[in-house]
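Enquirer: Sequence:
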Amino acid sequence: MSSHISLPGGLSAYGWDDELERAFAPHRAAGLVPARIATVDRGRCDAVTESGPLRAGTSLVKTADPVASPCTGDWAAVRPGAEPEIAALLPRRSVIVRSSPSRRSHGQALAANVDTVAVVSSLATASNPGRVERLLALAWESGALPVLVLTKADAVADPTRSADDAARLAPGVSVITTSAETGQGLDALAGVLTGTVVLLGPSGAGKSTLGNALLGAEVLATGAVRAQDGKGRHTTVRRELVPLPNGGVLIDTPGLRGIGLVDADDGLQQVFAEIEQLARDCRFADCSHEREPGCAVQAAIASGELDQRRLASYRKLQRENEWATSRSDARAQREDVKKAITRSLRQTYAFRDRQRRS
Numbered sequence: 001m002s003s004h005i006s007l008p009g010g011l012s013a014y015g016w017d018d019e020l021e022r023a024f025a026p027h028r029a030a031g032l033v034p035a036r037i038a039t040v041d042r043g044r045c046d047a048v049t050e051s052g053p054l055r056a057g058t059s060l061v062k063t064a065d066p067v068a069s070p071c072t073g074d075w076a077a078v079r080p081g082a083e084p085e086i087a088a089l090l091p092r093r094s095v096i097v098r099s100s101p102s103r104r105s106h107g108q109a110l111a112a113n114v115d116t117v118a119v120v121s122s123l124a125t126a127s128n129p130g131r132v133e134r135l136l137a138l139a140w141e142s143g144a145l146p147v148l149v150l151t152k153a154d155a156v157a158d159p160t161r162s163a164d165d166a167a168r169l170a171p172g173v174s175v176i177t178t179s180a181e182t183g184q185g186l187d188a189l190a191g192v193l194t195g196t197v198v199l200l201g202p203s204g205a206g207k208s209t210l211g212n213a214l215l216g217a218e219v220l221a222t223g224a225v226r227a228q229d230g231k232g233r234h235t236t237v238r239r240e241l242v243p244l245p246n247g248g249v250l251i252d253t254p255g256l257r258g259i260g261l262v263d264a265d266d267g268l269q270q271v272f273a274e275i276e277q278l279a280r281d282c283r284f285a286d287c288s289h290e291r292e293p294g295c296a297v298q299a300a301i302a303s304g305e306l307d308q309r310r311l312a313s314y315r316k317l318q319r320e321n322e323w324a325t326s327r328s329d330a331r332a333q334r335e336d337v338k339k340a341i342t343r344s345l346r347q348t349y350a351f352r353d354r355q356r357r358s
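For reference, each letter of the sequence shown is one residue, going 1 to 358 in our numbering.
There may be inaccurate statements among the hints.
[Said to hold, decoys possible] Quick list of the computed label-pair ranges, beta carbon to beta carbon:
| # | residue 1 | residue 2 | range |
| --- | --- | --- | --- |
| 1 | Ala299 | Asp18 | 50 to 56 Å |
| 2 | Thr194 | Phe284 | 41 to 47 Å |
| 3 | Glu21 | Ala273 | 33 to 39 Å |
| 4 | Pro80 | Glu19 | 40 to 46 Å |
| 5 | Phe284 | Leu60 | 51 to 57 Å |
Just so you know, these hints were derived from the structure itself, not from any lab. Quantities reported herein were computed from a predicted structural model and do not represent experimental measurements. Here a beta-carbon is modelled for each residue, glycine too, at the ideal position from N, C-alpha and C.
Make the full structure from the sequences, and use the hints.
Expert: And the structure:
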């Protein structure tokens with residue numbers, strides 16, 4: 001590890017490593033300093049540098065693409081001075097992207113350079129399998145490793161059975177049952193959360209309470225949950241980035257009401273891996289898994305091997321993903337056409353200007 005990042009106040013606690021240092025070398029030679037973005041709002045951001053936190057402008061890296069815009073977790077090159085500015089973003093190792101909550105034709109980056117996504121679901125409220133599957137698809141698609149965390153185990157009579165039910169929604173994913181009240185599962189959870197960790201889940205799932213348990217201090221704001229539906233208020237109103245005491249970084253996110261997928265084919269294939277596996281044995285390669293003869297998926301449903309709800313959820317999320325992705329592609333094509341027209345007009349004006357001068 002480079003000596004400068006092991007000094008007090010350095011960035012090693014926030015995930016800085018030799019690979020990042022090598023990537024940053026040209027920026028450092030240009031007089032820029034490395035920083036990790038903690039929060040972004042209104043054209044500015046809070047960032048952590050080797051010498052401490054600062055507030056910086058983001059106009060130099062402003063882009064029309066919300067996914068490419070600065071977000072929590074990004075590594076950045078900062079131009080220091082009286083008015084610090086983000087001059088460049090380093091390439092991302094991973095990024096969590098959902099479709100815009102406004103349903104416009106683009107995605108929204110929630111957090112970047114994430115290593116582990118903790119999908120948080122409360123056992124104190126009615127199970128919502130579809131929401132868990134959405135969040136897991138979002139996590140898999142990001143390039144990070146998902147972990148399904150069941151909170152409030154002290155509120156149910158048989159948390160083991162609940163964990164078994166949840167595991168069927170999450171093939172290939174570690175499922176950890178926890179209780180911040182009793183401490184159950186927290187050591188096991190800390191053992192599987194590595195690097196930069198993001199907590200994803202709805203309001204009231206216990207994300208901030210869980211985060212405080214992992215941090216060993218009341219750092220993140222928490223709030224009460226409504227008894228009638230188990231929903232909480234958005235006590236986390238913006239994304240926060242905090243070093244964990246035993247290494248790694250925690251990103252707490254506001255509760256997600258709308259969890260739309262966009263361009264998440266790989267994530268869906270991971271979440272519904274058993275359906276993908278069964279589909280390989282269908283008689284027809286383009287089987288829709290409805291009434292075709294020789295459909296291995298329908299055979300698995302008939303035998304009880306596969307739950308009909310899982311197939312219905314898979315189809316629903318596929319349709320949603322295809323719709324959002326097609327709109328995003330169409331939007332990109334429109335922007336490409338606009339850029340081509342603009343270039344053509346500029347060339348025409350430049351030609352006319354040369355003609356007038358000659």
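Enquirer: A separate judgement is required for each hint: does it hold in the structure or not?
Expert: We went through each hint and held it up to the structure:
1. Ala299 - Asp18: 50 to 56 Å: holds (52 Å)
2. Thr194 - Phe284: 41 to 47 Å: holds (42 Å)
3. Glu21 - Ala273: 33 to 39 Å: holds (37 Å)
4. Pro80 - Glu19: 40 to 46 Å: violated (23 Å)
5. Phe284 - Leu60: 51 to 57 Å: Between Phe284 and Leu60, where Cβ atoms are some 53 Å apart, the hint holds.
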